[in-house]
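Colleague: Work out the full structure: start from the sequences and follow the hints.
Here's the letter readout for the chains.
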Amino acid sequence: MSVLAVRDLEVRRGARSVVRGVSLDVTRGEIIAVMGASGAGKTSVLRAVAGLDPIAAGSVAIDGLQLSAGPLPRGEALRELHRRVGMVFQFHHLFEHLTALHNVWLALVHVQRQPQREAERKARELLDHLGVGARADAVPRELSGGEAQRVAIARALAVGPPLLLMDEPTASLDPARRGELATTLRQLASEGRTLVIATHDEEFAGACAHRVLIMDEGRVAR
Amino acid sequence: MDHQWRSRIVARVSARAVMCVCVAALLAVNIAAQTPELRWGGDAEGGAPFVEADPSDPTRVVGFEVDIASMLAEGVNRRPRFIQTGFTTIDASVARGDFDIGLSGIEDSFARRTRLAVTVPYYRFREILTVRAADAARYRTLADLRGRRVATLAATLAFELLTAAEKEQGVVVVPYEDDVHPYTDLAVGRVDAVLLDEVLAERGVRRHPALVNQPTSVGVGYYVGILAPQNTGLRNQIDAILKQAMRDGRLEAIFRRWKMWNEDQRNLYARVTADESGPAPQTQSTAAQLSVWDATVRYLPSLLTATVITLVLSVLSMALAIVIGVLIASGRVYGPAPLRALLTGWVELIRGTPLLLQLFVIYYGLATVVQLPAFLAALIGLGLNYGAYESEIYRSALESVPPGQLDAARTLGFSDRQTLMLIRGPQALRLALAPMTNDFVALLKDSSLVSLITVVELTKQTTIFASNIGTWFVPGLLCAALYLVLSLPVSHLARRLERTWRRA
Numbered sequence: 000m001s002v003l004a005v006r007d008l009e010v011r012r013g014a015r016s017v018v019r020g021v022s023l024d025v026t027r028g029e030i031i032a033v034m035g036a037s038g039a040g041k042t043s044v045l046r047a048v049a050g051l052d053p054i055a056a057g058s059v060a061i062d063g064l065q066l067s068a069g070p071l072p073r074g075e076a077l078r079e080l081h082r083r084v085g086m087v088f089q090f091h092h093l094f095e096h097l098t099a100l101h102n103v104w105l106a107l108v109h110v111q112r113q114p115q116r117e118a119e120r121k122a123r124e125l126l127d128h129l130g131v132g133a134r135a136d137a138v139p140r141e142l143s144g145g146e147a148q149r150v151a152i153a154r155a156l157a158v159g160p161p162l163l164l165m166d167e168p169t170a171s172l173d174p175a176r177r178g179e180l181a182t183t184l185r186q187l188a189s190e191g192r193t194l195v196i197a198t199h200d201e202e203f204a205g206a207c208a209h210r211v212l213i214m215d216e217g218r219v220a221r
Numbered sequence: 000m001d002h003q004w005r006s007r008i009v010a011r012v013s014a015r016a017v018m019c020v021c022v023a024a025l026l027a028v029n030i031a032a033q034t035p036e037l038r039w040g041g042d043a044e045g046g047a048p049f050v051e052a053d054p055s056d057p058t059r060v061v062g063f064e065v066d067i068a069s070m071l072a073e074g075v076n077r078r079p080r081f082i083q084t085g086f087t088t089i090d091a092s093v094a095r096g097d098f099d100i101g102l103s104g105i106e107d108s109f110a111r112r113t114r115l116a117v118t119v120p121y122y123r124f125r126e127i128l129t130v131r132a133a134d135a136a137r138y139r140t141l142a143d144l145r146g147r148r149v150a151t152l153a154a155t156l157a158f159e160l161l162t163a164a165e166k167e168q169g170v171v172v173v174p175y176e177d178d179v180h181p182y183t184d185l186a187v188g189r190v191d192a193v194l195l196d197e198v199l200a201e202r203g204v205r206r207h208p209a210l211v212n213q214p215t216s217v218g219v220g221y222y223v224g225i226l227a228p229q230n231t232g233l234r235n236q237i238d239a240i241l242k243q244a245m246r247d248g249r250l251e252a253i254f255r256r257w258k259m260w261n262e263d264q265r266n267l268y269a270r271v272t273a274d275e276s277g278p279a280p281q282t283q284s285t286a287a288q289l290s291v292w293d294a295t296v297r298y299l300p301s302l303l304t305a306t307v308i309t310l311v312l313s314v315l316s317m318a319l320a321i322v323i324g325v326l327i328a329s330g331r332v333y334g335p336a337p338l339r340a341l342l343t344g345w346v347e348l349i350r351g352t353p354l355l356l357q358l359f360v361i362y363y364g365l366a367t368v369v370q371l372p373a374f375l376a377a378l379i380g381l382g383l384n385y386g387a388y389e390s391e392i393y394r395s396a397l398e399s400v401p402p403g404q405l406d407a408a409r410t411l412g413f414s415d416r417q418t419l420m421l422i423r424g425p426q427a428l429r430l431a432l433a434p435m436t437n438d439f440v441a442l443l444k445d446s447s448l449v450s451l452i453t454v455v456e457l458t459k460q461t462t463i464f465a466s467n468i469g470t471w472f473v474p475g476l477l478c479a480a481l482y483l484v485l486s487l488p489v490s491h492l493a494r495r496l497e498r499t500w501r502r503a
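Protein chains in written order, with numbering that gives the first Met the number 0: chain C, 0 to 221; chain U, 0 to 503.
Keep in mind the hints are simulated off the structure, nothing from the lab.
Treat the numbers as computed from the prediction; the structure is a model and nothing was measured.
C-beta: ideal position from N, C-alpha, C; glycine also.
Using C-beta positions, here's what the derived DEER-type ranges look like:
(1) C:Ser171 / U:Ala433: 26 to 32 angstroms
(2) C:Pro174 / U:Lys444: 58 to 64 angstroms
(3) C:Glu202 / U:Leu326: 50 to 56 angstroms
(4) C:Leu71 / U:Leu326: 22 to 28 angstroms
(5) C:Gln65 / U:Leu375: 55 to 61 angstroms
(6) U:Leu326 / C:Arg15: 34 to 40 angstroms
(7) U:Ala433 / C:Pro174: 38 to 44 angstroms
(8) C:Leu71 / U:Ser395: 21 to 27 angstroms
(9) U:Glu398 / C:Leu71: 17 to 23 angstroms
(10) U:Ser395 / C:Arg15: 29 to 35 angstroms
One-sided excerpt, in silico: chain U residues whose CB lies under 10 angstroms from chain C:
(11) Val400
(12) Pro401
(13) Gln404
(14) Ala407
(15) Gly412
(16) Ser414
(17) Met420
(18) Ile422
(19) Pro425
(20) Arg429
(21) Trp500
If you want the footprint, here are the derived chain C segments under chain U, 3+ residues with CB under 8 angstroms:
(22) 49–62
(23) 81–88
Modeller: Quick look at the structure:
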């Protein structure tokens with residue numbers, strides 16, 4: 000059963016189509032690497048699936064929830080969407096005024112309405128699991144690129160989405176860290192998560208993806 | 000040929016004529032320059048009959064003080080030149096030599112006699128109570144006005160009389176910076192009486208037919224000219240001219256022309272011309288006779304009260320400004336295009352016009368529609384003005400939170416409101432803290448402008464103190480120290496908060 004089904008997706012930036020006719024199916028526990036040069040449309044596909052940019056044409060189905068062309072989802076529809084999909088950004092975008100731990104439990108308390116004590120315990124577990132438990136009380140600017148990357152993954156995973164989107168996850172990592180990240184993502188997939196990763200790092204894609212999709216000028220090349 | 004020759008002569012003759020005119024003009028300027036000037040200072044804002052811009056030629060001034068200045072200048076063989084100066088700063092200006100003599104309905108007082116060279120008095124006036132016609136039977140004297148608001152001009156004999164009555168008879172003194180608004184506020188009911196000299200009272204009643212003057216006088220005072228303390232030579236010359244003019248009827252003619260002549264003046268002139276020293280000023284205040292130290296001790300409680308008013312007004316205004324600023328900034332960042340345009344227009348309007356004008360509009364301009372109490376008007380004026388500046392700080396602070404964090408918040412399921420309250424707002428607040436502190440310190444000082452709408456805050460109380468003891472030195476130092484006591488802790492607190500947040 001596919002967790003993500005994309006059909007004939009078109010995304011526009013102003014009058015220009017940056018993604019055209021992209022279709023894609025990803026099944027549970029699968030890791031897909033979307034590859035291609037800068038400007039090929041990788042990030043645009045991810046942002047449309049995450050409900051950050053509007054869909055111009057086509058449709059996206061995530062775990063049974065249908066997104067179609069039109070304005071961005073709001074209110075309950077937005078919350079429904081983000082119970083199903085999380086995103087880790089190229090530059091992490093951690094909330095700079097909060098500690099690593101606080102970054103992870105914030106949405107558990109304020110979006111999922113979990114008791115704070117339980118949310119904190121869960122956040123600490125996630126950070127431990129990703130190997131940054133020792134950095135729980137550091138604020139984002141005190142973290143290295145790799146640490147920030149892991150905290151951002153923990154934050155996205157905390158709300159428990161079956162689908163996780165990652166944009167250029169290796170951009171701020173040295174080669175040794177890339178290997179570690181590949182291992183971590185494989186482990187997540189084996190636990191039943193589905194991952195779509197936009198990257199132009201072939202070695203990394205080879206190390207963790209089950210399948211590779213190449214994009215060129217907004218279309219799937221192969 | 001003939002024609003050409005003739006035009007050459009015409010050209011030569013006209014060239015010569017132009018030269019003659021030039022020489023004549025130069026000579027005239029030269030002669031004028033050689034005639035020394037008698038520079039006299041006054042406040043044309045005081046208006047008729049004292050000094051006011053000539054309605055038919057606003058570059059000239061007219062009034063009985065103008066006529067007296069001309070008469071004095073003629074007496075010392077000088078040309079009179081008028082120098083505009085604020086009424087409350089005439090004493091300081093003449094002392095530092097901005098002009099030779101101050102003539103602007105200036106009252107004789109002990110403070111002036113100790114600090115300046117004062118001429119013989121040339122006009123005697125009574126302090127008159129003005130009330131609304133409907134209250135004429137109720138409010139005859141100050142004693143009838145217990146608990147009522149009585150307006151006057153700050154730093155005058157009338158103000159001192161009222162300050163004394165505040166203690167003895169329980170009237171509430173409302174000091175104004177000008178002599179027009181006490182009467183307009185009396186007419187609309189903001190105050191219940193005005194105590195000022197009869198010249199101003201007559202003018203006030205002429206402008207507002209619903210007002211009447213009570214016949215009994217509350218006190219008596221005299222108009223004098225003031226000169227720098229070292230300028231006694233010129234003062235003596237001027238005294239001689241004034242006495243001569245009292246004898247030969249020239250002063251009488253001037254006051255008759257301005258419809259101010261009465262029998263009081265005849266008695267005054269008889270006494271002045273007979274007695275070399277002239278009558279002593281009547282004044283309730285003994286501040287000028289006290290040592291500066293004793294005067295300071297006496298004024299300190301009222302300065303401290305005024306400091307509390309400044310602080311309370313500033314804190315409340317800042318709170319209002321923050322609320323307004325947050326609302327405007329939210330509207331400009333999150334609102335639809337028409338609202339954004341409207342709010343931008345409002346911010347530009349407020350930032351592009353003087354705070355003083357805004358205070359005047361709120362207090363006096365709206366008085367026919369809604370009569371806001373002075374403190375409330377000051378609070379609203381300062382709050383609206385600073386709210387516009389705060390909104391700009393918050394807007395730019397909100398916009399400098401990286402948009403990526405807003406995307407991240409959205410993918411975590413936060414609503415726009417939650418994103419603002421939990422993520423964008425707190426980070427913007429940290430960025431806004433330093434400029435907000437600056438604004439609060441600026442507001443503390445700008446709050447002094449509200450004295451123009453009758454709120455007696457720290458600067459106003461200092462002005463009253465200074466004019467009563469006749470020097471700015473000690474009051475100025477005290478005032479500066481009190482402002483620093485208010486502003487330094489704020490700056491200190493802001494620095495500490497910033498440090499704490501940087502660590503967090």
